[in-house]
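Enquirer: Use these hints to put chain B onto chain A, whose structure you have.
Number of protein chains: 2
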Amino acid sequence: MDFSSKLLEQAVDQMSQLPGIGKRTALRLVLHLLRQPEAQTEQLTKALSKLKLEVKRCRNCYNISDTELCDICANPSREEELVCVVEDIRDVMAIENTGQYRGMYHVLGGKISPMDGIGPSQLTIKPLIDKVKDGKITEIIFALSSTMEGDTTNFYIYKQLEGTGIKTSTIARGISVGDELEYADEVTLGRSITNRVPFENSLKS
Amino acid sequence: MDFSSKLLEQAVDQMSQLPGIGKRTALRLVLHLLRQPEAQTEQLTKALSKLKLEVKRCRNCYNISDTELCDICANPSREEELVCVVEDIRDVMAIENTGQYRGMYHVLGGKISPMDGIGPSQLTIKPLIDKVKDGKITEIIFALSSTMEGDTTNFYIYKQLEGTGIKTSTIARGISVGDELEYADEVTLGRSITNRVPFENSLKS
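These protein sequence lines map, in sequence, to chains A and B.
Each residue of the first sequence is one higher than the last, beginning at 103 in my numbering.
Each residue of the second sequence is one higher than the last, beginning at 103 in my numbering.
The shape of chain A in the complex, shown without the other chains:
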């Protein structure tokens, strides 16, 4: 693209570094900001800078937090012996939204993915193992997405936990509530039969 303005070009270049934002979309967004009052650009840039500079990782669960210890870890009514292992804050938000979980979390910060150059040392796996070895945790729930990377990460952690005697589980995979069987994929349907649950359980929620 041939810009008549260096300033515009730089702004578009920077905006198009964001994932899923191409040059055309970046130009559309930047032109939108130009049409808006100056305050909007200022608020956007301030919020981004402030976040980047001031945000913390909770020292217990590594979730994004404004404080040293996040609200969930600081809440005395949560079940401290139960830890759900997730990839990032979006998973924490999704599980919290269900209102069904009263345990703690451990945010890995990603999945093991050699293709993207992400190994175990870049994730918060070591602190998780250390927490388990401290002996306060009785069960680890794996809630990573069931992709190759997710399964690899689960298995790696599982292996590291060998000998600790801790109970491990994964969230149930199965047919979504309300879905038709005929449209379900075979792997999911197969697993939902293998891992069938007592009928009485389905009466509870």
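Don't read these hints as lab results, they were simulated from the structure.
It should be emphasised that the depicted structure is a prediction, and the values quoted were computed from it without experimental measurement.
A portion of the hints provided could be inaccurate.
Note: identical chains are not told apart, hence a pair may lie in one copy or across any two.
[Unchecked claim] Straight-line C-alpha distance at most 27 Å; calculated DSSO-like pairs for lysine-lysine:
1. 228 - 261
2. 158 - 108
3. 125 - 228
4. 158 - 148
5. 125 - 158
6. 148 - 108
Expert: Relative to chain A, chain B alone:
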């Protein structure tokens, strides 16, 4: 959405003010920035602030420019008597990319759209009329999109120009080069027959 961090929430709120960016996409973009080195956020926010604070409108054509007079208006080899009326800088970039146009531009900054509260006074129509009345321009080419708003804007300017005796034209509408007739819409095909051009013209480019 229920954020564990106010800082994160503010950044997502601001990001989702951009057109076409919902809360989920905003969260994805902000989390991406958090994973990148601090320099990236800094460069992005600096480029946006700098653009908003320092960018100018060319005093002749109202295009976005770093200087008082944009490169096109300042170029003595462009044909000063020919002015192409466009909506915004993206149209200027598109026409410049063709390499087929050597005249000047006039950037309106939008289209007349009562639905969005945009009237003639918010656009740079008055300066255009004044330029025409100065007498240096011999032809105005309308290159707005052929939507209701575009047609309204064209017609409004056309009416304002009545009595000045200036030549007006619009860019040709027709079947795209390489397109099959059977897939063309009727209006476009109809116009391309009504406004047919001498066969010799098609041999030139």
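Enquirer: Decide, hint by hint, whether the structure agrees.
Expert: Hints, verified against the model:
1. Taking the closest pair of Cα atoms, residue 228 and residue 261 come within 27 Å of each other only inside a single copy of the chain (13 Å); across copies the shortest separation is 74 Å, beyond that limit.
2. Proximity of residue 158 to residue 108 under the C-alpha cut-off of 27 Å is restricted to the inter-copy arrangement: shortest distance 11 Å between copies versus 35 Å within a copy.
3. When the C-alpha separation of residue 125 and residue 228 is checked against a cutoff of 27 Å, the pair qualifies neither within a copy, at 40 Å, nor between copies, at 32 Å.
4. Proximity of residue 158 and residue 148 under a CA criterion of 27 Å is satisfied in both settings, with 17 Å inside one chain copy and 23 Å between copies.
5. Taking identical chains as interchangeable, the C-alpha atoms of residue 125 and residue 158 lie at most 27 Å apart only when they sit on different chains, with a minimum of 21 Å there against 32 Å within one chain.
6. For the identical chains of this complex, residue 148 and residue 108 are neighbours both inside a copy (23 Å) and across copies (14 Å), given an alpha-carbon limit of 27 Å.
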